[in-house]
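A.B. asks: With the hints as a guide, bring the two chains together.
Sequences listed follow chains A and B, in order. Residue numbering for the first sequence follows this note's numbering, beginning at 1 and increasing consecutively. Residue numbering for the second sequence follows this note's numbering, beginning at 133 and increasing consecutively.
Check before you lean on any hint, since a few could be wrong.
Stated by the list, open to error - Mimicking DSBU-like on lysine-lysine, the simulated pairs with C-alpha atoms at most 30 Å apart in a straight line are:
#1 B:637 / B:483
#2 B:212 / A:53
#3 B:573 / A:105
#4 A:94 / B:637
#5 B:389 / A:105
As the list claims (entries may be wrong) - Now the stretches of chain A that chain B is said to cover, found in silico as 3 or more residues with beta-carbon under 8 Å:
#6 18-31
#7 75-89
#8 107-117
Derived by calculation from the structure, the hints in this document are not laboratory data. The model shown is predicted, which means the values in this text are computed figures rather than measured ones. For each residue, glycine too, the CB sits at the ideal point set by N, CA and C.
Each chain, letter by letter, is given below.
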Amino acid sequence: MMGETVAQTICGNRLPYNPGHWFNSAKFFDIEYQTYGWVFATPKKGHAHFHWKHEDDTKCITIEYEINSNIFKGINTFGIRMRHEVFDTWLTEKRDIDFVIQHLKEANFDPEFYSNFENEIQKTFTNKLQIN
Amino acid sequence: MSNKLNYSMSLADPDAYGLSTTQKISVALGALGLLLLTLALLDIDLGNSGLVLTLAIIMIAVGTLVFANATYLNALEGIKNDGVWFKSISGRGLWGWILGIVVTAFYIILYFYPHILGLGKDGSTNTGLVALFDPLSQLLSGRPASQWFVYGSLYTLAILVFGYKFILKYRHNRYQLVRTISVMFFQLGFAFLIPEFMYVMNSDLPYYDLKNIWPLNYYNFEQYRVDSFINAENIGMAMLIFGVVSIFVISPILTYKYGKRWYCSWVCGCGGLAETAGDPFRHLSDKRLSAWKIERWVIHSVLVFVVLMTTAVIYSYLGDDTSKYWLTKDIFLFSVMAFLTFIFLLFMLFKRKAFGKDARYGAIAYFVVIVGLIIFHYISNSNLFLFEAETLRSSYGFLIGAIFSGVIGVGFYPIFGSRVWCRFGCPMAAILGFQQRLFSKFRITTNGGQCISCGNCSTYCEMGIDVRAYAQKGENIVRSSCVGCGICSAVCPRGVLKLENDSLKGRINSNDILLGNDVDLMKLVNN
Chain A
1 MMGETVAQTI
11 CGNRLPYNPG
21 HWFNSAKFFD
31 IEYQTYGWVF
41 ATPKKGHAHF
51 HWKHEDDTKC
61 ITIEYEINSN
71 IFKGINTFGI
81 RMRHEVFDTW
91 LTEKRDIDFV
101 IQHLKEANFD
111 PEFYSNFENE
121 IQKTFTNKLQ
131 IN
Chain B
133 MSNKLNYSMS
143 LADPDAYGLS
153 TTQKISVALG
163 ALGLLLLTLA
173 LLDIDLGNSG
183 LVLTLAIIMI
193 AVGTLVFANA
203 TYLNALEGIK
213 NDGVWFKSIS
223 GRGLWGWILG
233 IVVTAFYIIL
243 YFYPHILGLG
253 KDGSTNTGLV
263 ALFDPLSQLL
273 SGRPASQWFV
283 YGSLYTLAIL
293 VFGYKFILKY
303 RHNRYQLVRT
313 ISVMFFQLGF
323 AFLIPEFMYV
333 MNSDLPYYDL
343 KNIWPLNYYN
353 FEQYRVDSFI
363 NAENIGMAML
373 IFGVVSIFVI
383 SPILTYKYGK
393 RWYCSWVCGC
403 GGLAETAGDP
413 FRHLSDKRLS
423 AWKIERWVIH
433 SVLVFVVLMT
443 TAVIYSYLGD
453 DTSKYWLTKD
463 IFLFSVMAFL
473 TFIFLLFMLF
483 KRKAFGKDAR
493 YGAIAYFVVI
503 VGLIIFHYIS
513 NSNLFLFEAE
523 TLRSSYGFLI
533 GAIFSGVIGV
543 GFYPIFGSRV
553 WCRFGCPMAA
563 ILGFQQRLFS
573 KFRITTNGGQ
583 CISCGNCSTY
593 CEMGIDVRAY
603 AQKGENIVRS
613 SCVGCGICSA
623 VCPRGVLKLE
633 NDSLKGRINS
643 NDILLGNDVD
653 LMKLVNN
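Bound-form chain B, shown alone (with noise of 0.2 Å):
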């Protein structure tokens, strides 16, 4: 608090968004244990690699739990978001920028050059920063760290203390406080431990995070995990069954129940960051109509695509190894096409008029260049789909699963916001979208006419919704993209807002007239 006299009351008062000195030692502490990863990085010796880390590791979250303590605990529960748009890191200032290239040069070192941060050539020892996370790794699992292993020790420790500060920056709210810890314990537990335990009861299983679903987990099914899963027999085979059901049947019936949060906002680990670390860029997602077209497009396409690629990608071994595949090459693509060609009747014949047009369009377009490569490769014997299976699978990887949902999805928090990969390229999200918008009993209601307008909804979602747009005309909210964070809720100041699981009828309520006006509608409309 600032002691002169006639302090400035205006909103861009600079002085308002000083740090204390608390903050100040909280934020030294933090940058040390970062400087500790960095010296380490640059193959500078330290000694005892396990204490380094150790130290590293509690000085980062040591010094982000004083500030956010500092940050909150001294002001009332309630959200403050003061300032957002005038403070450098999130207002897209040279903080932002520089954080922004920061972690965007992380993500292409990672996926690109991992030997920069230290990982071993063939199976050479590790240097650099890699090594300075082998006891760990060696204490979970026994064997050295790779670059994911750093990867996810550092996701997993972001996810954990932004958890912690996010916690307290909402913790009048029982939703996202729930919410959140569900969202560090599937983080910590599922994607981090329970994925190494495995490791050290039977070695001969795939690295597998159970949470993570095809198709965001894109590689599966790829014949080197499957043949690895029906080697290890029975706990492979579940594990395989498993990653079968839970797209086809578990996801289904818990969207149809909850929507889509139960997974994106609740389970994901990439929702996790960004409803963690993300959260105080949330406010710089597009809001524009355009930026939502171009969303419908792309995040389908990428749904098409991995389509197109697992199936190339599996028929490609299948029938390899009769032993092994009970399926054969015929019957599976037999019944990729059966069940496309049902998914599209079943949607074009009831649901049709819930569609924009684009998306009609579009599901036609993308229905008939699928089954014509497929009728074209039987006609023909090329390729199915045209490329190698191989050739699809690597530019997937390239493109999708490294530069858009890590360097892009990550890397751009500060400028795009947090849920870039989420809104425009997940094609779980999509999977669960579509369903979320058609066959779910999840919908924001709005309550009556209380909405002033004052946008505080719109500039918090994540996802880009326009929810003042519905709200002041007292729909409810039925979007394909909403996550159920239930920022939207807790930001409004007038309580209008409230996640909500009830029966279908009604849900889409765009022709109803807004409460606090009582005019006979027959009456206006027959005029």
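So that you can see chain A by itself, here it is in the shape it has in the complex (with noise of 0.2 Å):
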């Protein structure tokens, strides 16, 4: 990433440096987070935050989007693993959250056997559309 664009750099080959959409992953206390796209401790003006947390507290997302267009922004997620392949071609296709809430399995990128918590996402979603 930055190592390549200085390595052209240095080389003789003058390269801007690019990178991509903003991502960004951790762990903290055993609990991994990561980060695609921007999302703000309050959402920006005209945005909003959609939030699902786990029962247990171990894991749960926030997402930013646009009120009028409801085009995605960003995720934050903590316990749950995410592809950042998928999250970058959605922030560059400029995908709604609908569609990310819909295609949200094929976006995780958690190990085999780990228990999958895409509907209840979805359910909590779907809920909090009819309360709107």
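C.D. replies: Listed below in structure tokens is the structure:
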């Protein structure tokens, strides 16, 4: 990534650093955290959050999206691994939040035999729409 | 937890790796259990051997289980490999060496001097350690114990108790949980109990651990076994056919679908011990490129050796008794040659590009040598493969079966890591790995550009694969030696790796650019 850019530049081929969509991941006290795109602590103007939390408090996701167009802006996950490539594509394609929630299974990167929570997340999302 | 103020935060802090009181007591309990076995070994009569054996096994088991509970259950779920390089036993320190030497000595005695363990000579009654296991053997199959029964019992005990410890250590990870339960089940059922029960049902059947497939089970097609399979009629023939089918049909299908892990880290006994008892030593495997190069030559040479040896042995007894074997010497040898030529041509024609240079040379050289030897045998009427079949058989049994898989493979756990045999020696792993690399749906996927090059994956890879080298480039990991234990994926702090079965297309993707860097690749290449 930035290493490749630096190497090209040092070797005489000046290259602008162009780091694609923002992503990050880390581990806090044995809970893994990942982020793709932009999710702010409080949603930006014209944006809103969709939040889902597992009942045992070890897993949650937060999705930021644009209220008018429903366009997906970013996702934070705790305790669930997501696939970088898939979110990178979805962000580039400017998918809306309904699409992301419906296709969340494709983006799962958890090891085999892990429990899935996509159905639960989808249910929460649908319920929330009905309340609004 | 140390109560003293300003305790050291250094990684090398010796205080951090002390034992709790519970752990000390459980170590004492386990050591007393081992002491009972040692006293039996020294032929000191402790009275009722059934009682002493039960006591010893319970003390060892309870000691290990309590120790594991005290180590893992007080902490949060999640892997803590703190201090593995500093602890004497897992960091090639004094305890590591002592353990290595003791286990190595045990294997040498087991294979070459079983009478020291107390095996009765020429059918006389057992003494010592073997006699201690007589009651258990009588209970299961109604015959006195042998040194192999002692070994099998201790082996199974080790897989069970250390499997429990492994499960606690990786209890947040369902893949590890399921896999370890599978390994414990196959060892206890298929390797330990079923053969004993089969003996009770039909004492003419040879000992047959059904999951132990030729060529790992290199003696499966020797004359005495094939004869007794045939003599046992239906059940025996079924077992013989299963033995052939398991290597030629079952294992290729499963390896195609799931990679070699279905066997190496889910079923196999050698893998089972390495994964459970060997877990604290997994980081000791050699990660150097030179080790990989040696590995490629050694493991495939062992495979060639076992193919030659088995061919020669079967060839030597075919045609002895036409009523028994419909296969004649010539048909057998011809089909072996046809099969090898078929495989060789198949891969040379369609998969040549997937081979490294050394692999291509090696394959051609070995193929020419084998075919040359068979032709030479027909021309000059000398022994097939120059040596007597019996010489080949006994030297394979000694060099590979005993020294490599037992003495070096297990005895050197604390020095070379837990998978030395699986990585450098096992001919079964060579076949499965060959297939995994060229024709399987299995791969370890790298999650885009997430890798931070911390190196945990490489460190804890028991097969010595430099996982990081692939992960930091965003490549999939498709290596013949990978046993799919899933530890690289489990220790990764950023969730970068995932074991997957998917389509063959695009499985090996060494040319992709890393995600997170939107450069125009074509422009870059053209520059």
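A.B. asks: All hints, please: hold or fail.
C.D. replies: Hints and how they fare:
Of the pairs offered as hints, the one joining residue 637 of chain B and residue 483 of chain B holds, with about 14 Å between alpha carbons and a cut-off of 30 Å not exceeded. Of the pairs offered as hints, the one joining residue 212 of chain B and residue 53 of chain A holds, with about 26 Å between alpha carbons and a cut-off of 30 Å not exceeded. Using a Cα cut-off of 30 Å, the hinted pair residue 573 of chain B and residue 105 of chain A holds, with the two alpha carbons roughly 20 Å apart. Taken as a hint, the residue 94 of chain A and residue 637 of chain B pair is honoured in the structure, with Cα atoms around 28 Å apart against an allowance of 30 Å.
About 22 Å separates the Cα atoms of residue 389 of chain B and residue 105 of chain A, which keeps this hinted pair within 30 Å; it holds. Given a C-beta distance limit of less than 8 Å, the hint that chain B covers the segment 18-31 of chain A holds, as 10 residues qualify and 3 suffice. Figure legend: the segment 75-89 of chain A, annotated as covered by chain B; annotation consistent (5 residues with Cβ-Cβ distances under 8 Å, at least 3 required). With 7 residues carrying a beta carbon less than 8 Å from a beta carbon of chain B, the segment 107-117 of chain A meets the three-residue requirement, and the given coverage holds.
Of the hints listed earlier, there is not a single one the structure fails to meet.
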